[in-house]
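Protein chains: 2
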Amino acid sequence: MGTSLMEAYQQAKYPLLGHGKRDVQVLKEALEHADGDMASDMYGTGAVIEAYQVKMAELLGKEASVFFPSGTMAQQIALRIWADRAGSKQVAYHPLCHLEIHEKDGLKVLHGLEPVLLADQSRPVRLRDIAELKEDVACVLLELPQREIGGQLPPYEELESISRLCKERGIKLHLDGARLFEVLPYYGKTAVEVCALFDSVYISVYKGIGGIAGAILAGDLDFMEEAKPWKRRHGGDLISLYPYILAADYYMERRLPKMERYYREAVELAEMFNGCEGVRTLPEMPVSNMFHVFFEASKEKAEAVLAEVAIETGVGLARVLQDGGEAGCKYEVSLGDLYADIPRVTLAEAFRLLERKLRE
Amino acid sequence: MGTSLMEAYQQAKYPLLGHGKRDVQVLKEALEHADGDMASDMYGTGAVIEAYQVKMAELLGKEASVFFPSGTMAQQIALRIWADRAGSKQVAYHPLCHLEIHEKDGLKVLHGLEPVLLADQSRPVRLRDIAELKEDVACVLLELPQREIGGQLPPYEELESISRLCKERGIKLHLDGARLFEVLPYYGKTAVEVCALFDSVYISVYKGIGGIAGAILAGDLDFMEEAKPWKRRHGGDLISLYPYILAADYYMERRLPKMERYYREAVELAEMFNGCEGVRTLPEMPVSNMFHVFFEASKEKAEAVLAEVAIETGVGLARVLQDGGEAGCKYEVSLGDLYADIPRVTLAEAFRLLERKLRE
Numbered sequence: 001m002g003t004s005l006m007e008a009y010q011q012a013k014y015p016l017l018g019h020g021k022r023d024v025q026v027l028k029e030a031l032e033h034a035d036g037d038m039a040s041d042m043y044g045t046g047a048v049i050e051a052y053q054v055k056m057a058e059l060l061g062k063e064a065s066v067f068f069p070s071g072t073m074a075q076q077i078a079l080r081i082w083a084d085r086a087g088s089k090q091v092a093y094h095p096l097c098h099l100e101i102h103e104k105d106g107l108k109v110l111h112g113l114e115p116v117l118l119a120d121q122s123r124p125v126r127l128r129d130i131a132e133l134k135e136d137v138a139c140v141l142l143e144l145p146q147r148e149i150g151g152q153l154p155p156y157e158e159l160e161s162i163s164r165l166c167k168e169r170g171i172k173l174h175l176d177g178a179r180l181f182e183v184l185p186y187y188g189k190t191a192v193e194v195c196a197l198f199d200s201v202y203i204s205v206y207k208g209i210g211g212i213a214g215a216i217l218a219g220d221l222d223f224m225e226e227a228k229p230w231k232r233r234h235g236g237d238l239i240s241l242y243p244y245i246l247a248a249d250y251y252m253e254r255r256l257p258k259m260e261r262y263y264r265e266a267v268e269l270a271e272m273f274n275g276c277e278g279v280r281t282l283p284e285m286p287v288s289n290m291f292h293v294f295f296e297a298s299k300e301k302a303e304a305v306l307a308e309v310a311i312e313t314g315v316g317l318a319r320v321l322q323d324g325g326e327a328g329c330k331y332e333v334s335l336g337d338l339y340a341d342i343p344r345v346t347l348a349e350a351f352r353l354l355e356r357k358l359r360e
Numbered sequence: 001m002g003t004s005l006m007e008a009y010q011q012a013k014y015p016l017l018g019h020g021k022r023d024v025q026v027l028k029e030a031l032e033h034a035d036g037d038m039a040s041d042m043y044g045t046g047a048v049i050e051a052y053q054v055k056m057a058e059l060l061g062k063e064a065s066v067f068f069p070s071g072t073m074a075q076q077i078a079l080r081i082w083a084d085r086a087g088s089k090q091v092a093y094h095p096l097c098h099l100e101i102h103e104k105d106g107l108k109v110l111h112g113l114e115p116v117l118l119a120d121q122s123r124p125v126r127l128r129d130i131a132e133l134k135e136d137v138a139c140v141l142l143e144l145p146q147r148e149i150g151g152q153l154p155p156y157e158e159l160e161s162i163s164r165l166c167k168e169r170g171i172k173l174h175l176d177g178a179r180l181f182e183v184l185p186y187y188g189k190t191a192v193e194v195c196a197l198f199d200s201v202y203i204s205v206y207k208g209i210g211g212i213a214g215a216i217l218a219g220d221l222d223f224m225e226e227a228k229p230w231k232r233r234h235g236g237d238l239i240s241l242y243p244y245i246l247a248a249d250y251y252m253e254r255r256l257p258k259m260e261r262y263y264r265e266a267v268e269l270a271e272m273f274n275g276c277e278g279v280r281t282l283p284e285m286p287v288s289n290m291f292h293v294f295f296e297a298s299k300e301k302a303e304a305v306l307a308e309v310a311i312e313t314g315v316g317l318a319r320v321l322q323d324g325g326e327a328g329c330k331y332e333v334s335l336g337d338l339y340a341d342i343p344r345v346t347l348a349e350a351f352r353l354l355e356r357k358l359r360e
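Residue numbers (our numbering), protein chains in the order written: chain A, 1 to 360; chain B, 1 to 360.
For the record, the hints were derived by calculation from the structure and aren't laboratory data. Quick caveat: nothing in here was measured; it's all calculated off a predicted structure.
No copy labels: a pair is met if it fits in one copy or bridges any two.
Straight-line C-alpha distance at most 27 Å; calculated BS3-like pairs for lysine-lysine:
1) Lys21 - Lys228
2) Lys134 - Lys167
3) Lys258 - Lys21
4) Lys299 - Lys330
5) Lys13 - Lys330
6) Lys258 - Lys13
7) Lys330 - Lys21
8) Lys301 - Lys13
9) Lys108 - Lys89
10) Lys28 - Lys55
11) Lys104 - Lys228
12) Lys108 - Lys228
13) Lys89 - Lys104
14) Lys108 - Lys134
Starting from the given sequences, assemble the full structure and let the hints guide the process.
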């Protein structure tokens, strides 16, 4: 019995994924930079939450924003508001949308909404999917990048066309921007420019930003005012959300300027994977800090090889793999602060070993 | 224009309510005692959340418990589970129940449940209210103590009778124990003894305990397993809840042993208020760390007097008053760590001044 891949990754000198360990130190560091005399927020009011909400609204180019404990809560509420306003129960999104596969059907069970699925599991939503919509949907949700298929994006011009089409047809367009900041370097656009194409926007503060938890929902003033009682109904209007807000603000300041670097590094790293026989990435050329890696080898084989690579070179490429049966196996790469710490020569050595071991 | 009551309270040397300021230092202090290497919880799993849930289940004498970001979320979910199991939409509670007046009707709007109101706004729920219930309710929620009426309690023997009656009639009994630990000294019972009378139990970690935010829901293993997907649906299954959990654990250790003291002090303080002409408390003899104070004087008069008392003696008795029109005005007292810091002679002086100024 060799070391498991998870163990090998955890012991590796150069783990490659994300910003590092999600441990209590992450919060401690953010709080060291916070003033102890600062008053807690109180059920959605107070300087700490209000200032952050104004800052995020400005960053996203929207009239207002509200901090939520989770994106799950923020997005269900956004779709509910658009559905109520349109008098329709139907909303449209991708079959691998977070609301469809990770939320235990909260949207359907708590809000009675009926999703119409756009595109299919192999590709992102395109303009034609919306043009061909027969249902009278209140809202279309677009996830940029589409995480479950490696983080794929439509071309920016097509995004503009989708936005125009939705406006013409009276359909609200909502952005699942869990990883919005991560795609801006590829699009070469500001958050304000991208968000202007959408009626409402959700962003996560703990993906590329690397905060503790939490989400921002942004939109017009009346939309955001309508979101607040829903936040209360969901049980999300906590007496104090400041631990998440302070961490979000602290890490955002440090990491938004690095999004371009994470993206360039993802492109570089994907090229190394695609240079190995029996390995490919999706997208082949990443459009953000993330991509999926596919191995032709079985899960058992690939796990053993990746564990050996971690032990022999110190480079932890993967933590856990997903079985694809006949098709081999895969996992998700999402880059953050850690990648830049790996010496180039060590990384090259890791890939040489990976290729050799996979061939054995 | 004199100093407002709120300003006078904030500047007072001896503010009397609660544990002190709800500022960022509260979290900083808890984290100073936490190990930075400790891993974050991950969507409800991991040592930090699991250990706390086991500890709380044991403290409450239940098979299992789940940590929630809020009591609003925990209680809606508890009632939903009992309602689904009973195949009834009806649940019964007091007209001033938190779910009825503070949650923007989440229970009705998100879960489609129909509350049956027990007793009336002047008194807590009694055995006869449940005996006379004609509706086929799935669950009765009892709040101990009933906060909005000064923190009143039924006698313990009556609680036992209510529990027996509910069992006989196949009605589940849920405890809104936001302030459960605060009533144990009066009842002279352990948390395990009181919770044994209930099928499910919610407690808050930021009332008497003085944490940052969060709640525990406890019950049988199958009930708690059923609660987890609901927590996900509500958007409460955050990637990291540890900031709230670490603070809850830290302050609980320090404050559970003081609940007896807070209760005795509330009895003492209420007696001082009742000794003033034109002032009375509800209950006259507190049964926990809390009570309501009623002034015959108008809100304007009482505010001016309380502000003067704070400025002249340094004792901040009240932060803000609620207008009762013809009936004068009132506010809520909830005692914590601060009361013990007030010198006896200063407090006596404050009450002498209060009585004199109210008479002027």
